[in-house]
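Chains P, B, W and E, in that order, are what the protein sequence lines are. If you're matching positions, the first sequence starts at 2 in our numbering and goes up one per residue. If you're matching positions, the second sequence starts at 2 in our numbering and goes up one per residue. If you're matching positions, the third sequence starts at 2 in our numbering and goes up one per residue. If you're matching positions, the fourth sequence starts at 2 in our numbering and goes up one per residue.
Just so you know, the hints here were simulated from the structure itself, not pulled from any lab data. There's no promise every hint is true.
Remember, identical chains collapse to one label, so a pair may be satisfied in a single copy or spanning two.
Claimed, not checked - Lysine to aspartate or glutamate pairs mimicking EDC-like chemistry, simulated, CA-CA at most 20 Å apart:
no., residue 1, residue 2
1, LYS20, ASP45
2, LYS267, GLU89
3, LYS267, ASP52
4, LYS93, GLU136
5, LYS267, GLU216
6, LYS267, GLU132
7, LYS20, GLU79
8, LYS267, ASP45
9, LYS93, GLU294
10, LYS267, ASP67
11, LYS93, GLU252
12, LYS20, GLU195
13, LYS93, ASP62
In this text the structure is predicted, and so the values were computed from the model without any measurement.
4 protein chains.
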Amino acid sequence: MARVGIYGATGYTGFELIKILARHPEVEIAFATARSAAGQLLSDVFPTLIDLPLVGVEEADLSGVDLVFTCLPHGAPELIPLVRQALERGVKVVDLSDTFRLVNAEDYQRRRGREHPAPDLLTAAVYGLPELHRERIRAARLVANTGCYPLTAILPLWPLVRAGLIADQTVIVDSKSGVSGAGRSLSLRTHFGETHETFSAYNVGRAHRHLGEMEQETGLHIIFAPHLLPVFRGILSTIYVTLRPHTSLAEARAAYAVFADEPFIKLLPEGRLPELRHVQQTMYLAIGLQPVEPEMGRYIIVATVDNLLKGASGQAVQNMNLMLGLPETLGLM
Amino acid sequence: MARVGIYGATGYTGFELIKILARHPEVEIAFATARSAAGQLLSDVFPTLIDLPLVGVEEADLSGVDLVFTCLPHGAPELIPLVRQALERGVKVVDLSDTFRLVNAEDYQRRRGREHPAPDLLTAAVYGLPELHRERIRAARLVANTGCYPLTAILPLWPLVRAGLIADQTVIVDSKSGVSGAGRSLSLRTHFGETHETFSAYNVGRAHRHLGEMEQETGLHIIFAPHLLPVFRGILSTIYVTLRPHTSLAEARAAYAVFADEPFIKLLPEGRLPELRHVQQTMYLAIGLQPVEPEMGRYIIVATVDNLLKGASGQAVQNMNLMLGLPETLGLM
Amino acid sequence: MARVGIYGATGYTGFELIKILARHPEVEIAFATARSAAGQLLSDVFPTLIDLPLVGVEEADLSGVDLVFTCLPHGAPELIPLVRQALERGVKVVDLSDTFRLVNAEDYQRRRGREHPAPDLLTAAVYGLPELHRERIRAARLVANTGCYPLTAILPLWPLVRAGLIADQTVIVDSKSGVSGAGRSLSLRTHFGETHETFSAYNVGRAHRHLGEMEQETGLHIIFAPHLLPVFRGILSTIYVTLRPHTSLAEARAAYAVFADEPFIKLLPEGRLPELRHVQQTMYLAIGLQPVEPEMGRYIIVATVDNLLKGASGQAVQNMNLMLGLPETLGLM
Amino acid sequence: MARVGIYGATGYTGFELIKILARHPEVEIAFATARSAAGQLLSDVFPTLIDLPLVGVEEADLSGVDLVFTCLPHGAPELIPLVRQALERGVKVVDLSDTFRLVNAEDYQRRRGREHPAPDLLTAAVYGLPELHRERIRAARLVANTGCYPLTAILPLWPLVRAGLIADQTVIVDSKSGVSGAGRSLSLRTHFGETHETFSAYNVGRAHRHLGEMEQETGLHIIFAPHLLPVFRGILSTIYVTLRPHTSLAEARAAYAVFADEPFIKLLPEGRLPELRHVQQTMYLAIGLQPVEPEMGRYIIVATVDNLLKGASGQAVQNMNLMLGLPETLGLM
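Chain P on its own, in the form it takes in the complex (with noise of 0.2 Å):
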């Protein structure tokens, strides 16, 4: 039996994680952090009928603890001395944020504009995305958790960058987010008044903080447009990629076989393009492909996730799986 803790379990991808962990065969919780609800259960916190006691960070006690998930706030200034306390006692580290996702502190420093806090720790952490990455990920003490809307850009398009299939570097990726994506924090977005019934662009273009991730990882260029959608949970992105041209439908699909043994991935049948429902609750990503005029290489791809399981917390916990040399799926199936 695995001992792992979780450092901020009071937001949803915390939340999330421990529904997750409490049904998992192979591990056990030895603690559950969080700032102002301290010393309550999990119950008084959200409405659950899991019991588990919530302390403070300075109570967390690392004995005997294989790996800890950091699921802080963005930017939370506690997180880089938590991360290395860790690393020292030889607890490895899932973390949540995006503080560790790109591959180097140049790359961090032109996309974000400041210094990375740790560099040496972004150095050392490995990008969190088992289809990509499998092997570094079994051997890393620090992964870098993806991105929920990354996620919905990379794994439709990487199978066709690998397969030489891109014909123009620059790809338009309009995704659509329930607002789980938006944190439990309180902000006027997140307001039920602001959200319901409605539904608004933001951070359209060159703008959102987690382009950076998907333009490692595919090696294109992306205009990214993010919408906030009146649901809970879910992304759905609608991809315009153009391909060589007369590049078959049947071709395009091929392309997709690098992931026939992927346990979470699943590439529609022909004529099928997934919505949310497809993979709410599940660890699925789901992608449909669609010609448009394939002779001119156009083609629709419409990818959808649950950004708060195979986006966030479920692909963490496939990450402790490979890090701690269990199976992949357990717990997640």
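Starting from the structure of chain P, add chains B, W and E where the hints point.
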């Protein structure tokens, strides 16, 4: 052309008020105040095409103003001074908080468990329900706009009380409100992720702060269970009442003849119950009456209202029309 | 490995049943029938990644089948012949309609106003509520799965009845159900535009067809007002009950000790009321108990359940587990 | 007082039309027809407080009627005879279907793959977009009201085309529509359970039947991906356009000066993008313009409209006002 001011334009009731006043033919907006958004336009705060400058409270000029609306958060410390200042300058006031709704300071103290902050104003205020107090509202300088939940209990029950048909003074009111009733302030309770696709009861029994209004205006003893609906606007109350044994449906319906000339009250035909859509975006309160076991006097009443219009800002304009000697329904149809 | 068949796989209860059975460790699906969709895959009918062939009723092979679930629309004429055929072949039956839920044909006739189509089967059937009839279900060949609304009234009220605490035999049950309770058949009532962003009551008073079950199992006289919530899954019932005067909260809570070992019933701690999210996607029925005026015996009970799981298909599997001698909670945690 | 008739009052566009006309100061409703609901009141069909009798088509009396609206389902066989009958009687027609929107019968045949049912009417009809064809609409006897999706592509793109700024004639339009766009007819696609809390693409690429209008009015080649949003009303289109290299934001914005006097078109200030709430329940089409990589000419346009008002019934009244010589915005502000 009357001139009116709005204190507190950035909550939902303030915003609805502005939308009504912007198309009211006999009123112009002299000022609209905001706290943190002072200096911005209304369209910087709401996704609206109305461009109205927001000013700080200290910049609000009462010269030539006929009436002000106070739409401050419950318990805002600036309320009492602002009301006094207006009244002293001869400016009438419609207050949308629950500060001045009970008839006297003793009742306030008994129900709220603390002294009223301005007993003289409480005594001077008129409860702003035109269907019951139209003439007093016409003459009033300070009107306490009714609560939205109370409206859905008082208006359906008062005709039955008046007709002497109520057999059991204890009445059960099971109410369901859209999220806009909880205001625009940030709280987990109004976070999309905590409200969407769920449903909950809160403050059930004798705990809700607006029970006092309901009992004051009806003289009944009320068991009240409010619930939070995952919709934006509208309240539906299901009322369980015991009338005198063998009260026929015709007798019960006849009691509502007292509302025959009311412009905003609709008793639905026999066999019909109102739903939220009957009244959303309108000024109507709709009532349906369902006999259950009339031989035992058991009836169910269903009443619905748009909590932001007849339940708040529209009602405030109805009161304003009365106070300024304008046609009561002007700008509201 | 037990083998089970499903008649009627394309409604919401059939689909949920398949999702549960697909991951049940001791059961395999022998067949799943559909009417118009016979010959297609489940994934042609639902946005699901489960590929299960759908067959016509006449192709459903009962050889080697241990149990069948009948998930046909209420009143489907093929139900009785299918049940007879299965029982004659020694195949056990869990029926998810309301055909076999009342104890005898006289009661059925009295409440429904027409003769029961198969009185012998009605007499043979056991009401499928394990918390009340576990031993009889284990021995049954035909189980009538409970209704979803009734569950939220019977389970919270039965312990109080059993403890002799009920003073007034007339109890008010104000229920709110997600739209999935109305099934997947096409009707204006379940059209998105008629249900979304609204809320309505229907069949209030003594009119709902499942009132009979509630009264049969509790022995109470129930005033029932169902409402349609703009959510997909979940029922919340607010129950107004008068216990013996001066019943303390401790006494009332003690009545629920009878459920202490029940795997799927949770009495929340004092001061807590359940909401839909407590139970959505789970098998739990959660109960909260709120004293209102205990000196008068007035209490409010709030009970919630996922109408598709403990309220329908999950309950059906719980019954199946009992009937097949499997651990009761297998495949359901 | 002009007199108008409505053929097809029980769909969403018919109902919205009635709500607008009921408060229009210069129009009275001569008749409103329904098929199965003939003989009932509008309030028997919709949860509305408007009492309007519905008659069968054969009872609709054209005497003294100035104009009729045809709001029949797409492809209704009675459309052509009703239009002919009206025109022969000197009654003007605004048709809300897509039957008369293309300029000529050849184009119709080429795009729809079948002959037009009434080429003479098609030639006589004017495309009902006042911003482009105002004078022709004033003189028209038959106006083909625009489609709701096309409006959100044509109006934002036409000024750029007119200004000669478009560099790449192929434009991507990614649209998201509320469910009311799919009408009130029963289908699984509009069932609450199939639409709520999900999101899907359909007819993507070159397949949508209203692509023709978009291309006819803009002269562009359009890749179109419509999606179904879990909201009731509103369309938001995200448009990916390549302008001439180095087109500045000021130049691009200047192209919209052609709309400066349009009462219902709003170009938002720099840095703002419209969301559904900007336009719901209003007649406005709102446009936001976002430079992405202006040196490459890459821009994103976001346009929103209420599909039932400016996108359908409100537009129909705007056209009616023009055709009857009334002020264009009467009854619409």
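Hint check:
no.	hint	verdict
1	LYS20 / ASP45	within (15 Å within a copy, 31 Å between copies)
2	LYS267 / GLU89	neither (39 Å within a copy, 43 Å between copies)
3	LYS267 / ASP52	between (35 Å within a copy, 12 Å between copies)
4	LYS93 / GLU136	within (16 Å within a copy, 50 Å between copies)
5	LYS267 / GLU216	neither (23 Å within a copy, 35 Å between copies)
6	LYS267 / GLU132	within (13 Å within a copy, 41 Å between copies)
7	LYS20 / GLU79	neither (24 Å within a copy, 42 Å between copies)
8	LYS267 / ASP45	between (38 Å within a copy, 15 Å between copies)
9	LYS93 / GLU294	neither (48 Å within a copy, 41 Å between copies)
10	LYS267 / ASP67	neither (32 Å within a copy, 33 Å between copies)
11	LYS93 / GLU252	neither (41 Å within a copy, 50 Å between copies)
12	LYS20 / GLU195	between (29 Å within a copy, 17 Å between copies)
13	LYS93 / ASP62	within (14 Å within a copy, 53 Å between copies)
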